[in-house]
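S.K.: Each residue of the sequence shown is one higher than the one before, counting from -12 in the working numbering.
None of these hints come from the bench; they were simulated from the model.
It is possible that part of the hints are untrue.
What the hints assert, rightly or not - Have a look at the derived ranges for each label pair, beta carbon to beta carbon: (1) Ile15 - Asn171: 11 to 21 Å; (2) Asn171 - Val12: 34 to 44 Å; (3) Trp173 - Ile73: 17 to 27 Å; (4) Tyr11 - Asn171: 27 to 37 Å; (5) His166 - Ala188: 32 to 42 Å; (6) Trp10 - Ser165: 25 to 35 Å.
Because the structure is a prediction, the values reported are computed rather than measured.
We put the CB at the ideal spot given by N, CA and C, even for glycine.
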Amino acid sequence: MPPSNSIQPAATPTPIISNLQRWYVPAIGELIGTAMFLYLAVGGADAVSRGASEGTAILGVAFAFGGFGRISGAHFNPAITLANLIVGTISIPKSILYSVCQLLGATLGVAMARGVTPSTEHLGQTNHLLMTTEERNLSAPMAPFPIGFTLFSCHLFACRYTNASINPARAFATSVISHSFTRNHWIYWLGPLGGGIMAAAL
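With the hints as constraints, model all of the structure from the sequences given.
M.R.: Below, the structure written as structure tokens:
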């Protein structure tokens, strides 16, 4: 019988807890984070179009990335998830789970934004960029702010040409909520996913 003051080994986590930490918590983080991302980005873009400061959109996007970066990596974009899959930082099953959660979260976020805005005319003017955070990067804690600024800049310069979607989840969500899938919808998947592949190759 060991003495009463002996140090006992730390208990190993159960398989259920381990799976929660590795799969379900990050997946839920992607769902909620993408919903928040789209809600704040759409709302911010609408506010800017009505005369509010550009910082409204930037801070909204930065808040979403900063809040969920350590939970799931804050992909919020199937193209980002594809790039991470190619470079080997995420498995195929987890990438599929992430992408499904992103589509569901994006639809939820756009639906909430539509519910609190007077009209839907600005839903197609939201800015998104292929961007995520890397915890090994020393500047990762400050990443949400340049991400938000880059997203806004991308919207500012690209909106007149392509509506600046740059996120398949955003394109899917706005099409679902507006009940309008155009014949060119595939472009908003091919472009970002192709960009994700190119980014991973670099």
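S.K.: For the pair Trp173 and Ile73, does the Cβ-Cβ distance stay inside 17 to 27 Å?
M.R.: Because 21 Å falls inside the window, the suggested range holds.
S.K.: Looking only at beta-carbon atoms, does the pair His166, Ala188 fall within the given range of 32 to 42 Å?
M.R.: 37 Å, holds
S.K.: Could you tell me whether the CB distance from Ile15 to Asn171 stays inside 11 to 21 Å?
M.R.: Violated - the Cβ-Cβ distance for Ile15 and Asn171, about 33 Å, lies outside 11 to 21 Å.
S.K.: When you take the CB atoms of Asn171 and Val12, is the distance between them in 34 to 44 Å?
M.R.: Holds - the Cβ-Cβ distance for Asn171 and Val12, about 37 Å, lies within 34 to 44 Å.
S.K.: Regarding Trp10 and Ser165, is the given constraint of 25 to 35 Å on their beta-carbon distance met?
M.R.: Once the Cβ atoms are compared, 32 Å apart, the range 25 to 35 Å for Ser165 and Trp10 holds.
S.K.: The hint says 27 to 37 Å between Tyr11 and Asn171; measuring C-beta to C-beta, is that right?
M.R.: Taking Cβ atoms as reference, Tyr11 and Asn171 lie about 36 Å apart, which means the hint holds.
Consistency with the previously given hints fails for number 1 only.
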